[in-house]
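Participant: For reference, the chains in residue letters:
Protein chains: 2
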Amino acid sequence: MILAIDIGGTQFGLILATANGEVVHHLQRSTDRSGGAQWMIEQIISESQMLINKSPKPVVACGIGFGGPVNFDTQHIINSTHVKGWDNCPLPQIIQKELHLPAIVDNDANVGALGEFTFGAGKGSTNLIYYTISTGIGGGIIINGNIYRGSNGNAGEFGHSPIRLNGPLCDCGNRGCLEALCSGTAIGKRTQEAIKKHPRKGRVIRHLSGKNPITAKTLFDAAKQKDPFAQSLIDDICTDLGMSVATAMNTFAPNVIVIGGGVSKAGRTLFEPLRKKTNPFLMPIHRPHLNIRQAQLKGRSVLLGAVALAQQTL
Amino acid sequence: MILAIDIGGTQFGLILATANGEVVHHLQRSTDRSGGAQWMIEQIISESQMLINKSPKPVVACGIGFGGPVNFDTQHIINSTHVKGWDNCPLPQIIQKELHLPAIVDNDANVGALGEFTFGAGKGSTNLIYYTISTGIGGGIIINGNIYRGSNGNAGEFGHSPIRLNGPLCDCGNRGCLEALCSGTAIGKRTQEAIKKHPRKGRVIRHLSGKNPITAKTLFDAAKQKDPFAQSLIDDICTDLGMSVATAMNTFAPNVIVIGGGVSKAGRTLFEPLRKKTNPFLMPIHRPHLNIRQAQLKGRSVLLGAVALAQQTL
Numbered sequence: 081m082i083l084a085i086d087i088g089g090t091q092f093g094l095i096l097a098t099a100n101g102e103v104v105h106h107l108q109r110s111t112d113r114s115g116g117a118q119w120m121i122e123q124i125i126s127e128s129q130m131l132i133n134k135s136p137k138p139v140v141a142c143g144i145g146f147g148g149p150v151n152f153d154t155q156h157i158i159n160s161t162h163v164k165g166w167d168n169c170p171l172p173q174i175i176q177k178e179l180h181l182p183a184i185v186d187n188d189a190n191v192g193a194l195g196e197f198t199f200g201a202g203k204g205s206t207n208l209i210y211y212t213i214s215t216g217i218g219g220g221i222i223i224n225g226n227i228y229r230g231s232n233g234n235a236g237e238f239g240h241s242p243i244r245l246n247g248p249l250c251d252c253g254n255r256g257c258l259e260a261l262c263s264g265t266a267i268g269k270r271t272q273e274a275i276k277k278h279p280r281k282g283r284v285i286r287h288l289s290g291k292n293p294i295t296a297k298t299l300f301d302a303a304k305q306k307d308p309f310a311q312s313l314i315d316d317i318c319t320d321l322g323m324s325v326a327t328a329m330n331t332f333a334p335n336v337i338v339i340g341g342g343v344s345k346a347g348r349t350l351f352e353p354l355r356k357k358t359n360p361f362l363m364p365i366h367r368p369h370l371n372i373r374q375a376q377l378k379g380r381s382v383l384l385g386a387v388a389l390a391q392q393t394l
Numbered sequence: 081m082i083l084a085i086d087i088g089g090t091q092f093g094l095i096l097a098t099a100n101g102e103v104v105h106h107l108q109r110s111t112d113r114s115g116g117a118q119w120m121i122e123q124i125i126s127e128s129q130m131l132i133n134k135s136p137k138p139v140v141a142c143g144i145g146f147g148g149p150v151n152f153d154t155q156h157i158i159n160s161t162h163v164k165g166w167d168n169c170p171l172p173q174i175i176q177k178e179l180h181l182p183a184i185v186d187n188d189a190n191v192g193a194l195g196e197f198t199f200g201a202g203k204g205s206t207n208l209i210y211y212t213i214s215t216g217i218g219g220g221i222i223i224n225g226n227i228y229r230g231s232n233g234n235a236g237e238f239g240h241s242p243i244r245l246n247g248p249l250c251d252c253g254n255r256g257c258l259e260a261l262c263s264g265t266a267i268g269k270r271t272q273e274a275i276k277k278h279p280r281k282g283r284v285i286r287h288l289s290g291k292n293p294i295t296a297k298t299l300f301d302a303a304k305q306k307d308p309f310a311q312s313l314i315d316d317i318c319t320d321l322g323m324s325v326a327t328a329m330n331t332f333a334p335n336v337i338v339i340g341g342g343v344s345k346a347g348r349t350l351f352e353p354l355r356k357k358t359n360p361f362l363m364p365i366h367r368p369h370l371n372i373r374q375a376q377l378k379g380r381s382v383l384l385g386a387v388a389l390a391q392q393t394l
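Chains as they are written, first to last, in our numbering: chain A, 81 to 394; chain B, 81 to 394.
Same shape as in the complex, but just chain A (with noise of 0.2 angstroms):
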């Protein structure tokens, strides 16, 4: 039995699972920020406890999939720019002490990347490229079947290859960045503008938002009533991204490109606009080998790539 944690900006999620990502126990509770990284360590070794307490067999070791960025080598998290109190802490180093299980911790979106590898989408590939676009947009690399970190331990950043000149600012500092124009919150900013720059024609998005502020679910809701002004700003937001995703076929060449998080959502609404508006930006040679799919595992990407990351590495 492998105990598997995912620790995001507003939630963290446990699960007890076999080596072949059977899960056995699922638990999802809402961070409280306020408590910082101190409350959180808290709360997870206290779940474990009891999730370990009920396993039907022993529990030999711990997946983490982290929401910030992390020394896969010292195994220490670098920080959070969502909870305080996180920087330079060897988690798995302190539920070792506290469970008594081997522990290994990595980067959500490459610990996410690998799930799909292991027991979804990406069952069956060798390379594989993840991309989870919520609130932000993460990425992870699978190369030869292993989460591919490059030098710095820091590849993978696909939410941050410039993608428009002088774009939007990004929560990186830069402008233009992928993330900038195409994560969720990205979307519900640009739904925004469009509306405000053309509110007749935003009638159906603003009929649909009703008194809620429009999102980027609002936008793709209404894509699914054919209504064409939402259509044509989500095929705006696919050649954005399928500039990256053509770039990112060009040069990694993968079997296929995940994509995942609250936005892979909206389900074929995004994927046909995405294939169509990548596709004249792939190089000839690699368009019949596009394979762009939806993350299979709903939500538990990074738990269950935290179940065969431990197996891997532990």
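Heads up, a few of these hints could be off.
Since the list gives no way to pick one copy over another, a pair counts as held whenever it fits inside one copy or between any two copies.
In silico DSBU-like links for lysine-lysine, alpha-carbon gap of 35 angstroms or less [as the list claims (entries may be wrong)]:
{"no.": "1", "residue 1": "K269", "residue 2": "K356"}
{"no.": "2", "residue 1": "K277", "residue 2": "K291"}
{"no.": "3", "residue 1": "K356", "residue 2": "K164"}
{"no.": "4", "residue 1": "K306", "residue 2": "K177"}
{"no.": "5", "residue 1": "K281", "residue 2": "K134"}
{"no.": "6", "residue 1": "K177", "residue 2": "K281"}
{"no.": "7", "residue 1": "K297", "residue 2": "K276"}
{"no.": "8", "residue 1": "K164", "residue 2": "K291"}
{"no.": "9", "residue 1": "K137", "residue 2": "K269"}
Hints are computed from structural coordinates only; laboratory data are not their basis.
Once you have looked at the hints, place chain B on chain A.
Facilitator: Then chain B, alone, in the frame of chain A:
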């Protein structure tokens, strides 16, 4: 002793070298395009036989870098856009039959990357990205010391990353590819267009070219003389190239990005603005690690890479 062959569109080269990359003989010949593949193969065989006869020690293997797509798994040339008759040619098999040497072929950009990795600007690195910028833009990837070919064999096509939406037409049929903006050919065209638009500002460049056509070299020569018009045009070109280099850095996180090919001979006139223009596109976490270097093997990247390829695989 290893025999290495570099087959380009306008020239072919042969060397005899030790496994350590010490070159014992080197010869370079012009290509008669009209003769097609058959003529070239005959030339290569007879020149190779001559080198083998001259060799101080037995020649045990042959490595080949080919200027066009190669199916590495089946060891067939796919085609050449420059010379007719190469379609589906099993070149290593022919070499093996005629010269009684085990032979191996790969695309010249891959082989050039391996050459710089083994003997040149990337010596001592683990992961390397290679751009070769001359008539077109080729690319090669070294991951964990090996050429990375991706799942379909055509990884590393940095020249066809989409950089500018609705940009200039590329030879591949797409618009706004890096190659259509920053190859030697494209730089020449951009310079000619800029001068048409601003004939007065182009004085220095026009003076340097005299009655010859204005090329990329003319532009870099003018910038070396501190011509502000040339420098500002190079800044624009480096902004486009920098977008691609930054994406390579943010995603592959290599130890080193090596740039070779004719355009790289401009030296610091290219590399200084390129570093300056790439920097603002890098994720802050990657900035301290950027390491762009000029290829060191002076026109022998492919030949010495073919030595390394033969050594690695035969």
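Participant: Compare the structure with each hint and give your call.
Facilitator: Quick rundown of the hints versus the structure:
| no. | hint | result |
| --- | --- | --- |
| 1 | K269 x K356 | both (23 angstroms within a copy, 31 angstroms between copies) |
| 2 | K277 x K291 | within (19 angstroms within a copy, 53 angstroms between copies) |
| 3 | K356 x K164 | between (42 angstroms within a copy, 34 angstroms between copies) |
| 4 | K306 x K177 | neither (55 angstroms within a copy, 63 angstroms between copies) |
| 5 | K281 x K134 | neither (55 angstroms within a copy, 78 angstroms between copies) |
| 6 | K177 x K281 | neither (59 angstroms within a copy, 70 angstroms between copies) |
| 7 | K297 x K276 | within (18 angstroms within a copy, 49 angstroms between copies) |
| 8 | K164 x K291 | within (33 angstroms within a copy, 66 angstroms between copies) |
| 9 | K137 x K269 | neither (48 angstroms within a copy, 69 angstroms between copies) |
Figure legend: structure checked against the earlier numbered hints; hints not met, in rising order: 4, 5, 6, 9.
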